[in-house]
Every structure is written in structure tokens, then in C-alpha cells.
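J.: Okay, here's what each chain looks like letter by letter:
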Amino acid sequence: MAPLAVENLSVDFEMSDGHVRAVDRVSFTVPPNKCVALVGESGSGKTVISQAIMGLLPPKAQIASGSILLHDRQNPGQMTDLAGLSPSGRSMRRIRGNRVAIIFQEPMTSLSPLHTIGDQISEAAILHRNVGRREAKEFTLQMLKMVHFPDPARGFNAYPFELSGGLRQRAMIAMALICRPSILIADEPTTALDVTIQAQILKLIKEMQQEFKMSLLMITHDFGVVANMADEVVVVYHGRVMEKGSARQLFNDPQHPYLQALLKAVPTFGMEKTQRLETLRPIKPHGEGLSQLYTRNADQLDGPILKLEGVSKSFISRKQGLFGSGYEPVKALDDVSLEVRQGECLGIVGESGSGKTTVAKAILRAFQPDSGTVSFNSGIGLRDIASYDSKDMLAYRSSVQMIFQDPFSSLNPRMTVSDILQEPLVIHGIGSKWERSRFASDLMELVGLDPRYLRRYPHSFSGGQRQRIGIARALALNPELILCDEPTSALDVSVQAQILNLLQDLKRDLGLTYVFISHNLAVVDYIADRIAVMCKGRLVELGPTEQVIEHPIHPYTKALLRAVPEPNLDHPLDFSSPDMKGTSNPFLWPEPYRIPEGSAPKLVQIAPDHFVCAPGLVP
Amino acid sequence: MIKYLGLRFLGMIPTLLVISFLTFFIIELPEGDYISNQISMLKATGETASIAKLDFLRREFALDRPFLERYAIWVGLWPGPHGFDGLLQGNWGWSFEFDRPVEEVVGPTLLLTVLINTAAILFVYLVSFPIGIYSATRQYSWGDYGFTLLGYIGLATPNFLLGLVLMYVANVWFDLSIGGLMDPKYIGEPWSIDKALSVLAHMIVPTIVIGTAGTAAMIRRLRANLLDELHKQYVVTARAKGMRESALLVKYPLRMALNPFIADIGNLIPTLVSGSIIVSVVLNLPTVGPILLSALQSQDQFLSAFILLFVSILTLIGMLVSDVLLAFLDPRIRLGGRERK
Chain S
-9 MAPLAVENLS VDFEMSDGHV RAVDRVSFTV PPNKCVALVG ESGSGKTVIS
41 QAIMGLLPPK AQIASGSILL HDRQNPGQMT DLAGLSPSGR SMRRIRGNRV
91 AIIFQEPMTS LSPLHTIGDQ ISEAAILHRN VGRREAKEFT LQMLKMVHFP
141 DPARGFNAYP FELSGGLRQR AMIAMALICR PSILIADEPT TALDVTIQAQ
191 ILKLIKEMQQ EFKMSLLMIT HDFGVVANMA DEVVVVYHGR VMEKGSARQL
241 FNDPQHPYLQ ALLKAVPTFG MEKTQRLETL RPIKPHGEGL SQLYTRNADQ
291 LDGPILKLEG VSKSFISRKQ GLFGSGYEPV KALDDVSLEV RQGECLGIVG
341 ESGSGKTTVA KAILRAFQPD SGTVSFNSGI GLRDIASYDS KDMLAYRSSV
391 QMIFQDPFSS LNPRMTVSDI LQEPLVIHGI GSKWERSRFA SDLMELVGLD
441 PRYLRRYPHS FSGGQRQRIG IARALALNPE LILCDEPTSA LDVSVQAQIL
491 NLLQDLKRDL GLTYVFISHN LAVVDYIADR IAVMCKGRLV ELGPTEQVIE
541 HPIHPYTKAL LRAVPEPNLD HPLDFSSPDM KGTSNPFLWP EPYRIPEGSA
591 PKLVQIAPDH FVCAPGLVP
Chain X
676 MIKYLGLRFL GMIPTLLVIS FLTFFIIELP EGDYISNQIS MLKATGETAS
726 IAKLDFLRRE FALDRPFLER YAIWVGLWPG PHGFDGLLQG NWGWSFEFDR
776 PVEEVVGPTL LLTVLINTAA ILFVYLVSFP IGIYSATRQY SWGDYGFTLL
826 GYIGLATPNF LLGLVLMYVA NVWFDLSIGG LMDPKYIGEP WSIDKALSVL
876 AHMIVPTIVI GTAGTAAMIR RLRANLLDEL HKQYVVTARA KGMRESALLV
926 KYPLRMALNP FIADIGNLIP TLVSGSIIVS VVLNLPTVGP ILLSALQSQD
976 QFLSAFILLF VSILTLIGML VSDVLLAFLD PRIRLGGRER K
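From first to last, the protein sequence lines are chains S and X.
To convert, note that position 592 of the first sequence is 582 in this note's numbering; the numbers rise steadily by one, no gaps.
When you read off a place in the second sequence, starting at 1, and then add 675, the result is the number in this note's numbering.
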């Protein structure tokens, strides 16, 4: 008997214009000790299903029909229909967090910033395990140890903002598991994390599942995660189950066109540059009107368009509390030298804290580097941007634009799309009012959006559409170089494919140059011509994409590549391989790659155009 | 924490100096001073006999010195005609209009001002807190709409009008004697329980009147803050743990929504004081408000400068209280700079 059986579940959302069926007659079971993956894009209803199971549906949603049968080991003889319980009622509360627990996607926002980790974890134990504060603390410390917290006693008293994303997610897992639930729902548990951290968390979840003999319901849009975790897969689209079956069956022989398309939308290693990703809803950019407005100088530049030479930057981090002493400089960039060639896409890959965003900030002159120069070629040769006066700077700002990671917070919610697109033009004093509004609608067409949407506010757009607005805004000033800072990491695979295709098209049609920053190696592999791998502020490997992906030299690059979950059942992640922690510490890399403390990284050319950081090989 | 408090206190000293300077500067901005105005008035009426006396007063209060010197003498950093004798030495200055030391003019009103404003702030918080929570948790319910309407009426009604209405109601329906801060029969009497009760009874109307506008604004703010917090992910996390709704509300979103609430303590004070001037006149309250008004009109500079400085000090103390409370309640502020592990 399956611990959890969802039968004919329908959920309605009450809207101003009647009901919208978010989940439509969904049925599936979660067998004991197995992992079922619920796969779909955002808006497919997969999260609503998990909310229905947990009794956490928003007030506007209602279970219209169907049942959610819980039949777990804690109450063996009895079957409970969760759909029939009042969501805030006593019996539901006793199940929630106790017999069925959940982990959320965002470890940053899922924990209260004002309470210690220990307080929040032990609370669950106090609620359900009938223990006092002291015992609860014991349980919590045990739990923190099980999820491999480096120092449980210290972690207990830490506040979430003092912890890294990975540790926060470990704390979330500890919180969910402290009552030893029979069913764990993991709602995109690793989407917000770095690849190497993702591999660790996936490993942890698998360990815990075996340890506690749990059934796992994994909600995700990442087929790499599915391939590595799931025994069975349920594919949902528009609130309906499209296909379900064992993982092997679905990966090897996808039946439904939706699933086939979804699998094709995932960029994988070794794809041809010219091969387009298949999108479910292809968009057609229209660039006809733009050529009149863009006065692009199509001249070929001599040499690179942008050059970083020996750029270093340290930030001071305060070590202790208020007015505490002890300042420790953190090297955000250590002697980074790079060049960006005109018309190419340079991918910068690294985990959070690797300094990849700091490179972008240095290019934007958001700070003054401690040493080294950033030079830009605007057609009259390379010039150090630090020497720019305010007029040069204004011109520079329009030639270098940025696309941000989070399409939700990078657009001002109080401005209409039209205002957002026109703002850069207003700042730079381009065009008359009429021309600007014409231009805004051209930009909309360019990114494949209907110009009639110009009067809307950002909240009425989906994530992918917002990201397209962000791209249109970046294009408004006719830039030469666009810095894309993780532009697709907040998006679904199919939308990601759409955005990547769009970026490819724009680059070709408008002759743009990209610096593409991402932690997703597969994405960078797909879009970039050359890849720069960064770790802890150091550039560790730089070379043509195929070279770096097919023949990585540096141990860190290798570790990074190993940690990427591939949507392929035959290439599972190697969970047994030693922990990834050591690989991101430059002092612990094996010779000749080790960077001794206090010395600068040195790049060595090992193949044409392929450099690797190996101070030991420098004569 | 103690170190933080100490530093916070030290930081208030330069702030106070700057404020005192600005106050003095602004007070002296209009041309002339109280005495030169008097002199020109006397000249116009042809009375020259008293001019000599006024000239003497000008010298006596160092009004003939340059601006910076006058300021320094006022603060007590510079020897005046009678040596060091300024605020620092405890001399609050001379009120020309009342022809008495400032201390005697405002002395009795200061305590009452503090009292009434504290009562008004307490009123604001006590009333707006539960209503704000109610409105946020039952958004778009009849209660929410009702309180919103009441709040807008409170915001829109001129305070003095409300004061008059309440005075009428209190007098006719509840048979309270009104106006002033106590029943006239207790004025000049020694303090007794009856007198204290009379003061309390008289405080009710002014507290409500002065507090209403602030309350309405505060309800709206708390409601908005709490609404923002209620939809945050960590609230869902707490719910997913199986917490009761009420326990959850108090422990998580309310704690978060408190921050702006507390940060407002300091800001409330000057608004309340300056907003209460007309109310004080209408209700015949012996607070500093009406005195400030007349002192400003007649350019009674030492008196007005002192009152302005006093309000600034109250504000600074309010800010201090809110900062300390914030640091106490919010670990992100307390531990803000601690290195991430």
C-alpha cells in the first residue's frame, strides 16, 4: 500500500472572472521508500499539488474534488484523506510537519531572519514530539549533525543570514526531518544553489531518504535532477498529468509530445553551436524597424573590445559584531586578466563567491579596482575606463549594458513596461517623446513581445517575458557589449531555451558581444564561444568552449563538470566521490595547480588559446 | 551592548550641538531682535525715555555682539556680560515678552508636555497595534473597511475640530469638566489623589485628539507592513511545521512588521508637538505649544530657541529609544557586520 496516493485531485483558483482549474484530475502514488519526481514548468500546477497535500493552499484555492490518501507507518491501520481535512484544523496541523514534511526552494527566504536556526528547527520537535525545550535542543543538535553541519552547537545559535545558501538548505532539511516524517516533499530544493552545492544537497537528501526510510516527492523542472534522484516520474502540464511511469521508461521512450519537447529544450554537453534548442512556444523576434534607429558602426575593431589586465579587488569583511575588531580582507578578484573579443560570447563560470559577478561590476566601473586596469575599445583603440571623464563615461554606459539574473526584482514594479524601456533613453536624452515611444514598441517586437503590452506593469508578465523586457531594456541604448549575469537561472528549462535562442539571434542580427556569467556549465557550453572558469576570485581556466568542456585540465573545472547532473540515466552523479569541498580551495589543489598563500595565480598556455592556472608549471 | 549604548550616547552630543546651532541660526534669521523691535516701536510713538533702559538690556543680554559670539554665550561656551552663563551652566535664558527667566515661563509646562506626548504615543501604539493586526489578517473584510474608513476620517478631520467635539461630548454626556489640565479648583492646591485623578480625567480628551491623526497613519502602515510579511515564504515554512495560525502570526510576521513601527517612535515626537499647538490653544492646555507660538510671533528669541531645542532633545531621545529597541529585537542590526560562516 502506498503511503501517499493522490486520486483524481482537482484544485480550483477563484479569480475575479470565475474559476480557474489549476490542477485537473491528477492521480499518482508515492510508493514506500521511493522517489517520485513531479516534473513540469512553472505554472504547470506541480507546486499547487504539493500545497494541496500539505494543506497549504492559498486562500483563493480550493480542492474541488478528489482525495489525497495518507497511509503511513505512523498510523498503519488507518487511511487519512488529507483533502477532507480542514487546512488549519487540529488534525491537519498534527500531520503537517510531522508525518508529511516539506523543503522549499529558497533557503534564503524560507527561514525567518529574526530567529536562530536552532529555535526554528526545535520548534517543530516541540510541536510534534511532545518534548520540552531541552530535549528539543538535543534532537536539533543530532539532526544538525546528521545533515553534516560543520559545527552543530554553533549552528544552533546562528541566524540564517550568517549562513551560506547550502547550509541554510541543510538547516531546512533538518527542520523537515526532525519529526521523522514518512513522506518528504522537496519543492525545487536545489534550484537556488550552486552546482557543487546542489550535488551535495541531492546526496544528502538521498542519504536521509534511506536513513529514515522515507518516500520522497520531488518537485522539479530540472531533468538532470530527475535523472539522478527519481525512481518514478510524473509529468504535469497545465494541471494535468501528461505522462507517468518509471524514470527509465520516460527518459528512453518519451511518449507524449510535451515531454519530448521538454527533453529537447534542455541544453546538454556537446551540442552543436548551430543546433537550436527546441522551445515549446518559439518566439519570433522582429528586427526590421530597428535598423533605422540603430546607427551601428559595423567596423571591425583591431584587437579585443574589452580587456582586463591584472585586476584585483579586496573587500573588507567585518569579522565580529558591533564595533568588533578584526578586519579580514577577502580577495574578490585576484590578478584577473581577460579579453573579450568583438562579436564573441565569453562565458564566465563559477560558483557563488567565485568573483564572476565582481568581474561584471569591474567592467561596469561599479568600483575602482585595487590594481590593474579595465580597458574598452569604442572604436578608437583600447582606453582605460578609469581615465574616462563624465562624458566618456556616459557614452561608455550606453555601450555596455547589463541583463540581470532575477527578472522579478530587476524591473521596477511601479513603472509600466513603456516607462521601463524608455527610461534609458530619457537618461541619455535620446529622441523626442514620440520617437522614444515608437522605439519602445520596436524593442518589444525585437524580443518577440506584443507592443500592445507596453502599458502593462511587470507583474502581469511571466518570468520569461519579464526577462525579455530586461533584454529589451538592455538593447535600448544600442550597446556593443552586454553583460548577462545569470540571465536564465531563475527560469524554466523551456523558457530558458527561449531566452537562449533569443540571445543567440540578437547577437547574430545586431552584432553584439556578450559576457555570459553563469553557474550552469551546460548553458555556458551551449551559448559561449570561449569559457573562463573562476574560483575564489581567481581565473583558473580559460579556453575555447569545446576544449574546456571536453578536455578540462584544472581539477576545479573537472569537479565542476562532475557536479552537473545530466539529464541522462546512464551518466548519474557520482555521489560516492569525495566531497567537493576541498576542490574550491586554491591552497589545497594538487601540484602544479596549488596557489600558495599570498602568491598571485599564474596562467600557463597548454594548447592554442587554452590557458590554465598552474603556478607550478611556470618556469 | 553597553558599549553600543555608550557610543550611541556620545554620538548625541555633536548632534545636539549642531541642532542648537541651527535652531539659534534660524531664530536669528529675521531681521532685528525683540529689543530692537521694541526700540523702533517706542521711537515711532516718540517715547524716548525707555529707550535707554532697552539699550541697557541689549548690552545685558549681549544682543549687540556678533552672531557667533551670541550663540556661544547662549550655549555657555563663551563668557557673556556675566561670565559663563548659558545653557551648559543651567541658565535657560530670559524671556523678554514675559519679562521672566525662560525657566519660569516654560518650567511648569515641560513636564506636562512630556506627559501628554508620551500618553499620545502610547495611545497611538495601543490603538493602532490591534487594529493594524486585525485589518491585515482580515484584509478586505467589513471590519477592515470600517477601520480604514475611521482611519481616513481621523486623518482628515482637523484635530482642533475633533477636540471641540470631544470636549462637548465629554462635558455634556460624561459630565467632565473640560479645558485646562485640571479642575480649576485644584490649581495652586497641593498634590492630592483627587488632583491627580482630575489631571488624568483631563488628559483623556487631549490624548485622543493629539493621537488620532498619528493612529490613523500608524494603522495603515502596520497593515501594509504586515500584509507584506504575511505572504513571505518563511510564514509558509512555519505553517508547514504545523504551527497554530495565531502562534505563528505573533512569532514570525508580526516580529518582522514591528521594525518600522519601532523606528517611528523618534519621528512621532516632533509631529505630535508641532501638531498639538492649535489643539493646546483650543483645549487651553498648558503645554509648551502655545508659548512657542507666541514666542515666535514676538521674536522672543531665547524662549523660542529653548523650546525648539527642547523638542529636538525629545526627538533625539525618541530616536535613541527606537535604535536601542531595534538593536535588541533584530539580530540583523545587532550582528549586522559579523562575518558569514
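Among the hints, a few may not be true.
Taking CB as the label site, the calculated pair distances span [said to hold, decoys possible]:
id, chain 1, residue 1, chain 2, residue 2, range
1, X, Tyr679, S, Gln64, 23 to 31 Å
2, X, Leu824, S, Ser6, 44 to 52 Å
3, S, Gly588, X, Arg683, 53 to 61 Å
4, S, Met5, X, Trp848, 29 to 37 Å
5, X, Tyr827, S, Ser342, 43 to 51 Å
6, X, Tyr679, S, Arg230, 56 to 64 Å
7, S, Glu125, X, Ile677, 29 to 37 Å
8, S, Asn(-2), X, Thr946, 57 to 65 Å
9, S, Thr406, X, Val925, 36 to 44 Å
10, S, Ser342, X, Gln764, 40 to 48 Å
11, X, Leu704, S, Lys423, 37 to 45 Å
12, S, Arg230, X, Thr946, 42 to 50 Å
13, S, Ser342, X, Arg896, 54 to 62 Å
14, S, Glu128, X, Tyr679, 52 to 60 Å
Keeping only pairs whose Cα atoms sit at most 27 Å apart, straight-line, the calculated DSSO-like set for lysine-lysine is [unchecked claim]:
id, chain 1, residue 1, chain 2, residue 2
15, S, Lys351, S, Lys381
16, S, Lys50, S, Lys135
17, X, Lys870, S, Lys50
18, S, Lys297, S, Lys24
19, S, Lys321, S, Lys135
20, S, Lys50, X, Lys718
21, S, Lys50, S, Lys297
22, S, Lys196, S, Lys24
23, S, Lys127, X, Lys678
FYI, nobody ran anything at the bench for these hints, they're computed from the structure.
Note that CB positions come from ideal geometry on N, CA and C, so glycine has one too.
J.: If a hint holds in the structure, say so; if it does not, say that too.
T.: Hints, verified against the model:
1. X:Tyr679 - S:Gln64: 23 to 31 Å: 48 Å, violated
2. X:Leu824 - S:Ser6: 44 to 52 Å: 23 Å, violated
3. S:Gly588 - X:Arg683: 53 to 61 Å: 39 Å, violated
4. S:Met5 - X:Trp848: 29 to 37 Å: 49 Å, violated
5. X:Tyr827 - S:Ser342: 43 to 51 Å: At roughly 47 Å between Cβ atoms, Ser342 of chain S and Tyr827 of chain X fall inside 43 to 51 Å, so the hint holds.
6. X:Tyr679 - S:Arg230: 56 to 64 Å: 58 Å, holds
7. S:Glu125 - X:Ile677: 29 to 37 Å: 34 Å Cβ-Cβ, so the 29 to 37 Å window holds.
8. S:Asn(-2) - X:Thr946: 57 to 65 Å: 59 Å, holds
9. S:Thr406 - X:Val925: 36 to 44 Å: 39 Å, holds
10. S:Ser342 - X:Gln764: 40 to 48 Å: 60 Å, violated
11. X:Leu704 - S:Lys423: 37 to 45 Å: The hinted range 37 to 45 Å holds for Leu704 of chain X and Lys423 of chain S, with Cβ atoms some 43 Å apart.
12. S:Arg230 - X:Thr946: 42 to 50 Å: 57 Å, violated
13. S:Ser342 - X:Arg896: 54 to 62 Å: 35 Å, violated
14. S:Glu128 - X:Tyr679: 52 to 60 Å: At roughly 33 Å between Cβ atoms, Tyr679 of chain X and Glu128 of chain S fall outside 52 to 60 Å, so the hint is violated.
15. S:Lys351 - S:Lys381: 20 Å, holds
16. S:Lys50 - S:Lys135: 40 Å, violated
17. X:Lys870 - S:Lys50: Violated: Lys870 of chain X and Lys50 of chain S sit about 57 Å apart, past 27 Å.
18. S:Lys297 - S:Lys24: With Cα atoms ~52 Å apart, Lys297 of chain S and Lys24 of chain S exceed 27 Å; violated.
19. S:Lys321 - S:Lys135: 31 Å, violated
20. S:Lys50 - X:Lys718: 79 Å, violated
21. S:Lys50 - S:Lys297: Between Lys50 of chain S and Lys297 of chain S the Cα gap is close to 54 Å, so the pair fails against 27 Å, i.e. violated.
22. S:Lys196 - S:Lys24: Holds. Lys196 of chain S to Lys24 of chain S sits at ~10 Å (cutoff 27 Å).
23. S:Lys127 - X:Lys678: Measuring from Cα to Cα gives roughly 31 Å; hence the hint is violated.
In summary, the structure is inconsistent with hints 1, 2, 3, 4, 10, 12, 13, 14, 16, 17, 18, 19, 20, 21 and 23 from the numbered list given earlier, while agreeing with the others.
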